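K.L.:
Please arrange chain R on chain V, whose structure you already have, making use of the hints.
Heads up: the protein sequence lines correspond to chains V and R, in order. The first sequence begins at 1 in my numbering and counts up by one. The second sequence begins at 1001 in my numbering and counts up by one.
Simulated from the structure, these hints should not be mistaken for lab results. Careful: at least some of the hints might be erroneous.
To be verified - Selected chain R positions facing chain V (in silico; Cβ < 8 Å):
#1 F1119
#2 K1195
#3 R1209
As the list claims (entries may be wrong) - Chain R regions said to be covered by chain V (calculated; three or more residues, Cβ under 8 Å):
#4 1057 to 1063
#5 1197 to 1203
#6 1213 to 1220
#7 1223 to 1236
#8 1250 to 1260
#9 1360 to 1370
Keep in mind it's a predicted model, so treat the numbers as computed, not measured. The beta-carbon is built from N, C-alpha and C at its ideal position, and this holds for glycine as well.
The lines below spell out each chain.
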Amino acid sequence: MSEVWTTDFLTAVLAAAIPAGTAILFACLGELLAERAGVLNLGVEGMMLMGALGGFAFCYWTDSAWIGAIGALAAGAAMATIHAVLTVSLRANQVVSGLALTLFGTGLSSYLGRNLVGKPAPDRFSDLAIPVLHEIPGLGRILFDQDALVYISFVLVPLLWLWVYRTRQGLELRAVGERPEAADAMGLSVTGLRYAYVIVGGALAGLGGAAISLGTNPGWTEGMTAGRGWIAVALVIFAGWNPARAALGAYLFGGVEAAQFRLQSIGIGVSPFFLNMLPYLFTILVLVLATGEAARRRIGAPAALGRPYLREERG
Amino acid sequence: MSELRITRRTVLGGFGAAAVTAILPRGGRVLAQEGEPLKIAFVYVGPIGDLGWTWAHDQGRLAIEEAFPNVETSYLESVPENPSDAERVIRDFAQKGNKIIFTTSFGYMDPTINVAKDFPDTVFIHISGYKTAENVGTGFGKIEEPRYVAGQIAGKMAATGQLGYVAAFPIPEVIRGINAFTLGVRSTNPEAVVKVVWTNTWFDPQKERQAAEALLDGGAEVIAQHQDTPGPMQAAQDRGKYGVGYNADMSSYAPEAVLTCPIWNWAAFYIPTVQAVIDGTWESSQYWGGWQDGVVDLSPIGPMVPEDVKAAAEAEIELFKKGEKTIFTIFSGPLKDQNGEERVAAGVEMTDQEILNMDWFVEGVEGEIPS
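Isolated chain V, as found in the complex:
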């Protein structure tokens, strides 16, 4: 066991946990925004796949990973727009619409991506050591020797936290998700805000896909997100709809993934099944602890989550 508690080992695990968690983190932050506005989006997996494809495709055509990232945002946003139209304007069942979009995104991305399979990536987000900072022992390798999308996520997490909890817009967002009637009475456009946050959320899911197709695994292969969209949905609950805790959850997941292989390679037999189960176990624990209305409030579930808003029902 002594090999585990060395700085080298822990540094290696943490440095690997962050890129592994970043794709999930973007998707989780996006889902968090949509749910804060009261819209459950189970289409995250499909949006991530479309983002992964869109990101790689635009990068392939333009030789620029940055244009690729914009393509990923656009692809995710386009998918989310469908979800917004269905659930906000047409008041369709959010669960059904989300599941349909996951199936749709999976199928559409493999259809559209057919000719991109096996194509080399002309550009990608490579690790970018930040001058001076990356030389800090331990911490430097963990935090300051990552790719550009990881740095963007570092900035995004505190920004979103401030947005949600410390700004007027954040208050409006929470109002729409908690008491849409009250928000409407305040003169806020419930429909408009829900559209905006669902679409921004989808764009972030798309960027999460690009964190794979332009970051850790440059290129396009069908189904390359391998279920990470679902983990993101589960992590939103684990995070209690709080961006900072979303980051914690995503890195925890990445850390479990990174640690299990390193433990194996130094001959420590922790069952991989057990480790694979951990993130889900945490989520289930949170869900169990969160049963009952009072506890539900405490962990922060938006009260109007999953409920379409219809002005006539106000009251």
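P.N.:
Just chain R, lined up with the frame of chain V:
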């Protein structure tokens, strides 16, 4: 969520309703029945765009369409291996009048056998399993032969004698691949060790990459894989190390890293099988083809491999292609297990069954087989 999609492709539409009979110029063998095209279906475990296992099978399907004018093939991707889903899909294909159904993953074994009982006139070919019936044959290839030669190249490229192997599941198919690779490595680098980590997934790009990074952190110079995505090759490239891919030529994803890849050429098995069904000569059998039969191969050896190493590998490849070397010469004694105990005595060859059921690592492999 996995995706289900049916795509049906009819080649040469002119052969449709016009009821054309295709006849070989010599011998007068009837290639296909008159009228209705012969319908052939494929059940895939992954997406065909994975550039991996399923992609390789789909190349076989396309080769069938190319070779036979009056066939119609269809397929279903990402079919779960659980009994209920798999059986429903296979039964559906049988009911739609498919005369040959290829089920291309180990987990489809029992569902295939179950459905086959109800459709005695349909031929079922199950890939990688061991159960057969009157109308169910099995097919697999000795991918261990190219893995062995890939190991010989990898052994030469690993200066420090440390190699890593990203492995999917601890099943005999994967274990004997690791063993064949390791025996190849140690034939050119006798002191080398191959460290194994298990991912417990066939297909997860990020996770496979993580597993490779853990091995690279541990000092591995070459990463081999029994996985379906190029994630491990990309990890090797980013660290300036080498890799041995699998299933298909993965060099486009990591051109500076990929030394070579053991690959499948299912057409070499599929086309004769379809021909035999058309001729009415097909009988249930357990096909296990090797390099000699063309069903397995190595992708082109990368430019980073020195000329002498490449020449030695090419000489070895010739021996396998001629059948002078086979999987049995790879697994012939003396063989020791990873604890140094002799498992196969000098001069003794392992039998088919011993190779197919291998559940121990040869000397030189580092890692545990979870029970």
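K.L.:
Work down the list of hints and note, for each, if the structure agrees.
P.N.:
Tested hints:
Given hint, R/F1119 at the interface with chain V, is violated; its Cβ is 29 Å from that chain's nearest Cβ, farther than 8 Å. This hint holds: R/K1195 has a C-beta 6 Å from the nearest C-beta of chain V, less than the 8 Å allowed. The beta carbon of R/R1209 is positioned within 8 Å of a beta carbon in chain V (closest approach about 6 Å), and the interface hint is therefore held. Only when three residues or more bring their CB closer than 8 Å to a CB of chain V does the claim for the region 1057 to 1063 of chain R stand; here the count is 0, and the claim is violated.
Residues of the region 1197 to 1203 of chain R lying with their CB closer than 8 Å to a CB of chain V number 6, which satisfies the three-residue condition for coverage. Counting residues of the region 1213 to 1220 of chain R whose beta carbon lies closer than 8 Å to any beta carbon of chain V gives 5, which meets the minimum of three for the stated coverage. With 4 residues bearing a CB less than 8 Å from a CB of chain V, the region 1223 to 1236 of chain R meets the requirement of three and the coverage assertion stands. Coverage of a stretch by a chain is defined here by at least three residues with a beta carbon nearer than 8 Å to that chain's beta carbons; for the region 1250 to 1260 of chain R and chain V the count is 3, and the condition holds.
Counting residues of the region 1360 to 1370 of chain R whose CB falls under 8 Å from any CB of chain V gives 4; the rule of at least 3 is met.
In summary, the structure is inconsistent with hints 1, 4 from the numbered list given earlier, while agreeing with the others.
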